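Protein chains: 2
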Amino acid sequence: MSLRTFRELLLGPPLPTERLRDERLSVLRGLAALSPDALSSIAYANQEIFLGLAVAGAAGLAFADEIALAIVGLLILLAISYTQTLRAYPTGGGSYSVARENLGVGVGLVTAAALLVDYTLTVAVSLTAGVTALLSAFPGLAPQRVAICLLLLILITLANLRGVRESGRWMSMPVGLFILSGLVLIGGGIVYALTEGPGTYPTQMLAQQGHVSVPLVLILHTFAAGCTALTGIEAIGNGVPLFKPPESRHAIKAMGLMVLCMGLFFLSTVGLTEYLAVLPRPGESILSALARQVFNGGILYYGVQFSTMLVLLVAANTSFNGFPRLAFVLSQDGFLPRQLKLLGDRLVYSNGIILLSSMAGILIVAFGADTHALIPLFAVGVFLAFTLSQAGMVVHWLREKQAFWPVKAVLNGLGAVGTALAFSVIAYSKFLDGAWIVVVLMVLIVVGFLQTRRHYREFAAELSMAGLPPRLEPLPEPRVVVPLSSLNRVSLNALRYAQSISSQVTAVHVETDPEQTAALVNKWQRWGMEVPLKIIPSPYRSLIRPFLEFLDRYDEEYNDGQLASVVIPEVVPLHWWEILLHNQTAWIIKLVLLYRRRRFGKVRAIIDVPAHLRHRTRQA
Amino acid sequence: MSLRTFRELLLGPPLPTERLRDERLSVLRGLAALSPDALSSIAYANQEIFLGLAVAGAAGLAFADEIALAIVGLLILLAISYTQTLRAYPTGGGSYSVARENLGVGVGLVTAAALLVDYTLTVAVSLTAGVTALLSAFPGLAPQRVAICLLLLILITLANLRGVRESGRWMSMPVGLFILSGLVLIGGGIVYALTEGPGTYPTQMLAQQGHVSVPLVLILHTFAAGCTALTGIEAIGNGVPLFKPPESRHAIKAMGLMVLCMGLFFLSTVGLTEYLAVLPRPGESILSALARQVFNGGILYYGVQFSTMLVLLVAANTSFNGFPRLAFVLSQDGFLPRQLKLLGDRLVYSNGIILLSSMAGILIVAFGADTHALIPLFAVGVFLAFTLSQAGMVVHWLREKQAFWPVKAVLNGLGAVGTALAFSVIAYSKFLDGAWIVVVLMVLIVVGFLQTRRHYREFAAELSMAGLPPRLEPLPEPRVVVPLSSLNRVSLNALRYAQSISSQVTAVHVETDPEQTAALVNKWQRWGMEVPLKIIPSPYRSLIRPFLEFLDRYDEEYNDGQLASVVIPEVVPLHWWEILLHNQTAWIIKLVLLYRRRRFGKVRAIIDVPAHLRHRTRQA
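Protein chains in written order, with our numbering: chain V, 1 to 620; chain S, 1 to 620.
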């Protein structure tokens, strides 16, 4: 099987550019493709609320529903704000475009950096949370946590390299299954709660705290962690152009459906958990503990775990839509390497996909696939992007003054203030837990953006032909130098080629072994070679430096404003391992000549004359 | 600090070839340079005897002195054999030369493979045993075992890259210290034994076995492991040419001194250990336990541990003399890559040193720096090489029939039989413990030797100019193709260069973006370019394949027996990180053209025309 066949088996055959138009999504398909991140957030947000409050025992856990209500309030505020955004910016690009257009390039780039970091963290957090759902049901697999995460990451990456439409179809099933199993869990939970009545925590948890009041800092800290429930709701806003026309209408419908599900699931699971006083086993998630209690560990329990895991995998996938698209936009604006602009032969931005996948893989390994350790990094960037994007919208309405603009500005203003408050809480309470890493990273990314654009600008200026005379004479015939260690068919070939392009050819031999040199000189005379042969001594047996020094002397001597071209005889063996059997002098000379700086405008061409060996002789 | 300054600081300045003669060793310096492997072997051989017998409790440990005596017997036999060898082969090369000359190339190569494996294992075993000596005195460092081993390996490698004479001087101190501390330990041990009387093992060790007899297989197994005491005694024989003239006489003196020390140290430490019924703590070596008991853990104890560690490091160093020299000989005979023949600028075979160091590093990591796990791999190769080399000497005497040849033949014959017996015991009793790895490895190495020689022979035949007409015409002027994505200073440079070497230049543009193509065509006309421009469609947006297909079509069209040369415009940015900001298309084209097989004799030259950017414009 050739590499090409293997590639096509894995990724599908190449697609022509015209098919780009067809790759659009319907409301439900779009919901399936863009909402899983938001929907699945409740899996880890639930967990964070529980972990945050459990330190204060039963008294702490009693605050769960208040925190959940506050977060759902923020959810509704954000949903309204984003609906206005996607109507105003139907071309996508999301928070970055909005912030850049209304608040200037600087703020735009900060937003973009926040988004790139968050896309990456979404992949890492969703995958590790998905694996937690799996390990909650099958604790025996716990030691393979990191390996399982990486395996799933690779599978998702391959699916995305195949293309978005296929990913979309592939993903409708898990999202449907998750919504279904969520509804069954809520229904079952309500029935269970009605028949069994409220649960109670073990007495030692009640005694532990006694009547001590729960400190506010703990509640804020938990609120901050719980805000991760809102991550991902911007995805539909950023993905408007992926929908079938009319894009905005389809996107708003998808957004409404999504927010409804999120609010319902989040409130009811947190409420049920608190009412039933659910406690997880070690290594188990709180959602798993709830489902286990409601369904008494039966087949429905495994159904919930499985669909939670699937939807989290699909959530990780959401970033694979958003990240490469944002990278494309940034690359078009000159802030990221232009390779991210290339459309792969499956009509996806393959380089962006691979970049995202590699960075998420590094995060997963660095944090040992531990969701709880990744959460502090996660929320800070998301809420910074939320705030900047909403603030941008306020400026937008103030400038545009469309119909009902004061209402719109107030709504977005509320969104900005709400998310800014949440951001402050998160940044303050999670700074030492890991939020600082994101801050440092974002600074580095923004510096990188600016450096990149500067490089491209300088590069374009330097490549510009402005100022050149209208018709340039061709260069004069080059002088040519051929380095060689001995006279054989390969070096003879190179000499003949050199003679075909220039009448001034010089052969050069660096003497490291006097016997070898004598043999060469002798053979040179015997074969009556017309090309002059220069012998350069090398007392320290090095080849490269004496050769470079010779080149400099030679160019100086002629002083014709040109640099001599170098023709390099190179042997290409039949099998790859045979490369190890030859000195890689040809490669070293090529590299050194390529990266050795000379004055701009002067050309030292490096001419490789390869000879492919084929082993005509066969002897033991 | 430049790379070159850093290199010279680390390795010293380059040395001219004439200084090669001066790098010779006196008897004591030679002893210091070549004997540590043999001397230090007693550190781990002692340990292996103890570990082997301890499973049978006190009854087993009572056999230690019998086993030690048998091994010393073998030592004397080997010493006599090797004295004859080094007298007969004063040019070094050791076992490989002897076996090859007398028993044929096949046996010679098997011997060489065994030696290469053993040099590598010597490094790994000595280093890990040295670290065991250190950790016996400082158990707190135990978790860093592998890291400490690798650090020491790097230090030894650097010392050797500086050159043998410096290594020799550097090494006289540890060997002297080890001999001194060994004598002090033996003296102290005898005094302690006389004053304290014999030791007894704890009663549970005596009870454990009762009166059950110790099985023969256990004794053989222990003998096999104990034979590692003899590893390294061939080093002086292989290193004769390193001595000052008269080489043989100096080498024999060094050999005698070495064998005396080895026998004395080995017998007395094993005897004392048995007499005093010494038992080590967990993780401690038996030699450390003996010294701790004799010196009651005082300053002298630390002296013994320190000098043991040092001499083991120096023992690891022995291989750094032997391995590169053997690799050089094998490389001269065409069995190993010719890079191993190169003398570095410090007059050492740098490539051989680096190869040895890398392989030993892999072994250390793979076996977790555990000496006991490496020992089964170690002894089998050593004794195979011993046997083959002694058998070779027997054949040598039978052929040469010099004075006293029957006596000499009998002596070497005894050596061969003795080591063959030991080899059989080792191979049988250690096969499943790891000796099989060495067997597999040796087969692979010998196959590699033969493949390598075959490649070089075929290569030489193919490069030979035999059969060529005496005066070859230069090739006709090449057709030249210049691939480009846009018209700018860099591609213009490449076009002008192409025109300077050929009158048939064609520019080629692969169309991946119709807008870009239209802009190019427009600019081409505006600038009045004389070179014809070919546009090649690429429906799948790939650059390379359409270009290669064009080249094939173009060559077919002309059918002039030539392949078109390709001139590649290449941008070299100012900073290394800027390389990431450009598509590496130039590199990919160069690589693909270089490794794409075409008929032999037809030349497709690859011409790189680099332009070095320097960022003349400065703008934010």
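Accuracy of the hints is not assured; some may be wrong.
[Said to hold, decoys possible] Residues from chain V that face chain S, not an exhaustive set, calculated with beta carbons under 7 Å: (1) Pro14; (2) Gly140; (3) Leu343; (4) Ser500; (5) Pro537; (6) Ser538; (7) Ile544; (8) Leu581; (9) Thr585; (10) Trp587; (11) His612; (12) Leu613.
In short, the hints are calculated from the structure, not lab data. Small disclaimer: the values here were computed from a predicted structure and weren't measured. Just so it is clear, CB atoms sit at the ideal spot from N, CA and C, and this is done for glycine as well.
Results of checking the hints against the structure:
1. Pro14: Where the cut-off is 7 Å and the nearest Cβ of chain S is about 4 Å from Pro14 of chain V, the hint holds.
2. Gly140: 27 Å, violated
3. Leu343: Since the shortest Cβ distance to chain S is 6 Å, the answer is holds.
4. Ser500: With a closest approach of 4 Å, the Ser500 of chain V hint holds.
5. Pro537: 11 Å, violated
6. Ser538: 9 Å, violated
7. Ile544: 12 Å, violated
8. Leu581: 5 Å, holds
9. Thr585: 10 Å, violated
10. Trp587: With a closest approach of 10 Å, the Trp587 of chain V hint is violated.
11. His612: With Cβ-Cβ at 5 Å, under 7 Å, it holds.
12. Leu613: 6 Å, holds
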